[in-house]
Amino acid sequence: MKKTDTKVMIITGTSKGIGRHLAEYYVDQGLHVIGCSRSKTDFYSANYRHFILDVFDEKAVRAMFTEIRRDYGKLDITINNAGVASMNHSILTPIDTVRNIFETNVVGTFLVSRESAKLMRYVNYGRIINFATGAVPLKLEGEAAYASSKAAIVQLTQILSKELAEFKITVNAVGPPAIKTDLIRSVPKQKLDDFLKRHAIKRYGDFSDVTNLINFFIKPESEMVTGQVVYLGGVFG
Amino acid sequence: MPNKDQIEQILFEVIKELNEELPFDQHIDVQLESPLFGQSGKLDSLGLVSLIVRAEEKIQDQLGISITIADERAMSQTKSPFTTIRNLSEYISVLVIENEKD
Ligand SMILES: NC(=O)c1ccc[n+]([C@@H]2O[C@H](COP(=O)([O-])OP(=O)(O)OC[C@H]3O[C@@H](n4cnc5c(N)ncnc54)[C@H](OP(=O)(O)O)[C@@H]3O)[C@@H](O)[C@H]2O)c1
Numbered sequence: 001m002k003k004t005d006t007k008v009m010i011i012t013g014t015s016k017g018i019g020r021h022l023a024e025y026y027v028d029q030g031l032h033v034i035g036c037s038r039s040k041t042d043f044y045s046a047n048y049r050h051f052i053l054d055v056f057d058e059k060a061v062r063a064m065f066t067e068i069r070r071d072y073g074k075l076d077i078t079i080n081n082a083g084v085a086s087m088n089h090s091i092l093t094p095i096d097t098v099r100n101i102f103e104t105n106v107v108g109t110f111l112v113s114r115e116s117a118k119l120m121r122y123v124n125y126g127r128i129i130n131f132a133t134g135a136v137p138l139k140l141e142g143e144a145a146y147a148s149s150k151a152a153i154v155q156l157t158q159i160l161s162k163e164l165a166e167f168k169i170t171v172n173a174v175g176p177p178a179i180k181t182d183l184i185r186s187v188p189k190q191k192l193d194d195f196l197k198r199h200a201i202k203r204y205g206d207f208s209d210v211t212n213l214i215n216f217f218i219k220p221e222s223e224m225v226t227g228q229v230v231y232l233g234g235v236f237g
Numbered sequence: 001m002p003n004k005d006q007i008e009q010i011l012f013e014v015i016k017e018l019n020e021e022l023p024f025d026q027h028i029d030v031q032l033e034s035p036l037f038g039q040s041g042k043l044d045s046l047g048l049v050s051l052i053v054r055a056e057e058k059i060q061d062q063l064g065i066s067i068t069i070a071d072e073r074a075m076s077q078t079k080s081p082f083t084t085i086r087n088l089s090e091y092i093s094v095l096v097i098e099n100e101k102d
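Line order of the protein sequences matches chains R and U.
Sequential numbering of the first sequence, starting at 1, is according to the working numbering.
Sequential numbering of the second sequence, starting at 1, is according to the working numbering.
No lab work stands behind these hints: they were computed from the structure.
Each hint should be verified, as a subset may be incorrect.
Heads up, simulated SDA-like pairs for lysine to any residue below, C-alpha to C-alpha not over 20 Å straight-line [what the hints assert, rightly or not]:
hint: 1; chain 1: R; residue 1: LYS59; chain 2: U; residue 2: LEU18
hint: 2; chain 1: R; residue 1: LYS191; chain 2: R; residue 2: LEU92
hint: 3; chain 1: U; residue 1: LYS101; chain 2: R; residue 2: ASP57
hint: 4; chain 1: R; residue 1: LYS168; chain 2: U; residue 2: VAL53
hint: 5; chain 1: R; residue 1: LYS74; chain 2: U; residue 2: GLU17
hint: 6; chain 1: U; residue 1: LYS58; chain 2: R; residue 2: VAL123
hint: 7; chain 1: U; residue 1: LYS101; chain 2: R; residue 2: ARG62
hint: 8; chain 1: U; residue 1: LYS58; chain 2: R; residue 2: VAL154
hint: 9; chain 1: R; residue 1: LYS168; chain 2: U; residue 2: SER50
hint: 10; chain 1: R; residue 1: LYS74; chain 2: U; residue 2: GLN60
hint: 11; chain 1: R; residue 1: LYS74; chain 2: U; residue 2: ASP61
hint: 12; chain 1: U; residue 1: LYS58; chain 2: R; residue 2: PRO94
hint: 13; chain 1: R; residue 1: LYS162; chain 2: U; residue 2: VAL53
hint: 14; chain 1: U; residue 1: LYS4; chain 2: U; residue 2: LEU32
hint: 15; chain 1: R; residue 1: LYS74; chain 2: U; residue 2: SER66
hint: 16; chain 1: U; residue 1: LYS58; chain 2: R; residue 2: THR66
hint: 17; chain 1: R; residue 1: LYS59; chain 2: U; residue 2: ILE65
hint: 18; chain 1: R; residue 1: LYS74; chain 2: U; residue 2: GLU100
hint: 19; chain 1: R; residue 1: LYS59; chain 2: U; residue 2: GLU57
hint: 20; chain 1: U; residue 1: LYS16; chain 2: R; residue 2: TYR122
hint: 21; chain 1: R; residue 1: LYS59; chain 2: U; residue 2: LEU63
hint: 22; chain 1: R; residue 1: LYS168; chain 2: R; residue 2: PRO220
hint: 23; chain 1: R; residue 1: LYS168; chain 2: U; residue 2: ILE65
hint: 24; chain 1: R; residue 1: LYS74; chain 2: U; residue 2: LYS101
hint: 25; chain 1: R; residue 1: LYS74; chain 2: R; residue 2: PHE167
hint: 26; chain 1: R; residue 1: LYS168; chain 2: U; residue 2: GLY47
hint: 27; chain 1: R; residue 1: LYS168; chain 2: U; residue 2: LEU18
hint: 28; chain 1: R; residue 1: LYS162; chain 2: U; residue 2: VAL49
Reference listing, derived: stretches of chain U covered by chain R, where coverage requires no fewer than 3 residues with Cβ under 8 Å from a Cβ of chain R [unchecked claim]:
hint: 29; segment: 56-68
hint: 30; segment: 81-92
Cβ coordinates follow ideal geometry from the N, Cα and C atoms, glycine included.
Please model the entire structure based on the sequences and the hints provided.
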C-alpha cells in the first residue's frame, strides 16, 4: 500500500456549486482531492479525481473507497457537501422527492462518513465536515423535507463526533449562508429576502465564507473542536 | 468462490495483526473457538471495529470481494455473529454468497 504525505480529501457533490468551488480551492492548496457527483465534471487537474456515482449507492461508494485505499493508502478529510433541496409546501411535495432528499442528504452523509472513518484510522487525524442549513434553527415553512433531512445531519454530526473521537476524528458541520447556486435558483426573491432578514448579518454568502470555516475545522490545532454546527451569518431560530 | 478455509485464514491473519496492537493480557488465541466480543470476549467495541475493518480490507485485497460486515445483532449477547472466530467466519461466508448473487 502506497502512502502519500499529502493530505487526501474527499468532497461529495463536486460537479457544481459550493462543492465545485471547494474542489478547485483545495487542489490549489496542494491537496489530493477526490470528488463525486451523478454527472460528469469539466474540472481537470493532476491532483483531482472524479467518480460518477450516487452518494447513497453503497456499492458504488465502497468501490470509490477501495480505489482511494489502493491509490493513496489513507484518507484525511471528508466533506459531505452533496445535497438536494425542494422548496415546496409539504402538501404539494411528492413522496419521491422526500425520499430522494433523505437518501442523498442523510443516507449519503451516513454512508460516506462510515466508509471515511474506516480509512481515517490510518492517519490519527481525521476530519469529517457535514452540511447543515440555517433552515434548521429557523424551521422554515416551505422546507419541511429539506430542513428535516438537515436536522438529521446535525444529529448525525453530534453522535458521530462522540463515536469517532476514539479514532481522533472530529465531526463538525457548516451551515452555509444563502449562496447563489443552482440549489436556491428556484426560490422566489421575496422568500430569500425574508430568509436573509432573519440572519444577524444580512448579506448573501460567498464561497470564501465556507472555505474559511472549513479551514478552521481541518487545522491540526482544531483537534478539540468537534460536534459543532456553525451557522454562518448568525442564525439562531 | 472462496472456501471456508480461506476466510478462516484471513481472520487468523487479522487476529495476529490485532494482537500486535493489543496489550498482552488482551491477546486473542489464533483458533476457531476463541471468543472475540461479548460475554467472554476480550475485545471492546473499539477493538471489534478495528477487527471488522481489517477483515473487510483483507477480503477485498485477497479475494477481490467487497462486503460490509455490519449487522443489527452486533451488540446482542447471544445472537451476535461476532462472538467467536468460527461464528464470524460463518457469517462472512454468508455475506460472500449474498454478494455473489447480487
Ligand atoms: N446554496 C445555498 O444557499 C446553501 C444554503 C445552505 C446549505 N447549502 C448546502 O450546501 C451544499 C451544496 O449546495 P450547493 O448550493 O452547492 O448546491 P448545488 O449547486 O445544487 O450542488 C449540489 C451538488 O451535489 C451533487 N449531488 C446532488 N445529488 C447527488 C447524489 N445523489 N449523489 C452525488 N452527488 C449529488 C450535485 O451534482 P449532480 O447533480 O451532478 O449529482 C452537485 O454537484 C448542500 O448540502 C446544500 O444543502 C447550500
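Violated hints - listed by number, lowest first
1, 8, 12, 18, 23, 24 and 30
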